[in-house]
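Number of protein chains: 2
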Amino acid sequence: MRIYFDDFIYGSIDGAVTTFAIVAGVVGASLSPSIILILGFANLFADGFSMAAANYQASKARNEFVQMKRRQEEWEIDNLEEQEIDEIREIYREKGFKDELLEDVVRIITSRRKVWIDTMMKEELGLIEDEKKPIDSSVSTFVGFNLIGVIPLVPFMVFMMLGFESNSNAFIYSTVSVLAAFFLVGMIKGKIVKSSMIRAGIITLIIGGVAAMVAYIVGYGLNFLVS
Amino acid sequence: MRIYFDDFIYGSIDGAVTTFAIVAGVVGASLSPSIILILGFANLFADGFSMAAANYQASKARNEFVQMKRRQEEWEIDNLEEQEIDEIREIYREKGFKDELLEDVVRIITSRRKVWIDTMMKEELGLIEDEKKPIDSSVSTFVGFNLIGVIPLVPFMVFMMLGFESNSNAFIYSTVSVLAAFFLVGMIKGKIVKSSMIRAGIITLIIGGVAAMVAYIVGYGLNFLVS
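Residue numbers (my numbering), protein chains in the order written: chain A, 1 to 227; chain B, 1 to 227.
Warning: the hint list may mix true and false statements.
Repeated chains share a single entry, so a pair holds when one copy, or any two copies, can fit it.
[What the hints assert, rightly or not] Pairs of lysine-lysine, DSSO-like flavour, derived with a Cα cap of 30 Å:
1. Lys194 <-> Lys114
2. Lys98 <-> Lys191
3. Lys194 <-> Lys98
4. Lys133 <-> Lys98
5. Lys191 <-> Lys95
6. Lys95 <-> Lys133
7. Lys114 <-> Lys191
8. Lys69 <-> Lys133
9. Lys98 <-> Lys132
10. Lys194 <-> Lys69
11. Lys69 <-> Lys191
12. Lys95 <-> Lys132
13. Lys191 <-> Lys132
Calculated directly from the structure, the hints in this document are not laboratory data. Bear in mind the structure is a predicted one, so any value in this text is a computation, not a measurement.
If we strip away everything but chain A, and leave its shape as in the complex, we get:
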């Protein structure tokens, strides 16, 4: 089991935004903190699980696509041998090989089926058999979704435990905490890709913040429209 940073980032930003979207939509509809928590937790578990399932299917589709392309290349090597040899020649010509050395390279590469197909996959199609397991991608998304996505709900939990009926302050805290969550995710990203953590934090804060604002405006606007 491995946690992939890209799937984690995907899940975490979406988890924070959509939980906040539920909060925003429900505050717009003037519901109680308990309803907010019902919908918020339903979203965290269910949407996290849903994203994990969707990611699993998408990752599997990508792997199956690569396998399908590999089968195509195998078929071409079996049925269009000369053409495929020419393609290897062209690939190595572009790397700077020529004359007799080029022919030697083509001969060696095409003498082993696996090497030949791997070369076509990488060099012609730009495809590498991904070592990422769909189940690991899927779990990474789920972990990111829940770990970061719970943050906008924390104020409502605290307020409900304290017995407060109003949720206006909780909403402000929720807004602040979701923005802090984006900044945190951005900093994690910055650390992994070895760029400025502060800069990455600010960019993710802006992108996540726009998504959260869209969520709020849509939720609030539709409330006026329908009620």
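Following the hints, position chain B against chain A.
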């Protein structure tokens, strides 16, 4: 602008499940069709936008990670030249080259910086500079999310337009239509990866169906817990 099938599939399954999750959660909380539509559409637009934003950040992170690895390889070639030449030798030895021919290949590959680095990236690290643009990934997800995610809402729209107050039948239609949506997405996947469309439809129906059921149970269960 290109629609990527994997990002489309990711968005479409999550769009269908989470819209259905909202429907399920809200039916559990006994709210009116208008509230269901408020939350459903808020979810479609906002969560679709959110997933697009999250995908954008995750795709950018992946690209930046590959660029960071490339800079590392460049540094290694500049500072650890002998070691990197040995690595190229090892890579081509495994392809079946040896003796003088191996040395010729190593000389040609390492004589052009770009070829050398590309080879290290593909063969040593298994990384290919992805031609996928983050913005296209992001739009693909948004399109899939909205196109497929609207399906579980259609019955509620029809029922509201017809002036029905009860939503129990709409919920049944919504359940049937979300399952049909999963089957459709699976068939699209099957067509793209050239496997059995029926089989792919059924598998996606099962995976999406489990996610939708989790959404329903969580939404319904929490409703009892908190109210």
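Going through the hints against the structure:
no.: 1; hint: Lys194 <-> Lys114; verdict: between (35 Å within a copy, 22 Å between copies)
no.: 2; hint: Lys98 <-> Lys191; verdict: neither (43 Å within a copy, 41 Å between copies)
no.: 3; hint: Lys194 <-> Lys98; verdict: neither (39 Å within a copy, 38 Å between copies)
no.: 4; hint: Lys133 <-> Lys98; verdict: neither (40 Å within a copy, 34 Å between copies)
no.: 5; hint: Lys191 <-> Lys95; verdict: neither (34 Å within a copy, 36 Å between copies)
no.: 6; hint: Lys95 <-> Lys133; verdict: between (32 Å within a copy, 26 Å between copies)
no.: 7; hint: Lys114 <-> Lys191; verdict: between (37 Å within a copy, 27 Å between copies)
no.: 8; hint: Lys69 <-> Lys133; verdict: both (18 Å within a copy, 21 Å between copies)
no.: 9; hint: Lys98 <-> Lys132; verdict: neither (37 Å within a copy, 32 Å between copies)
no.: 10; hint: Lys194 <-> Lys69; verdict: between (34 Å within a copy, 10 Å between copies)
no.: 11; hint: Lys69 <-> Lys191; verdict: between (35 Å within a copy, 13 Å between copies)
no.: 12; hint: Lys95 <-> Lys132; verdict: both (29 Å within a copy, 24 Å between copies)
no.: 13; hint: Lys191 <-> Lys132; verdict: both (21 Å within a copy, 23 Å between copies)
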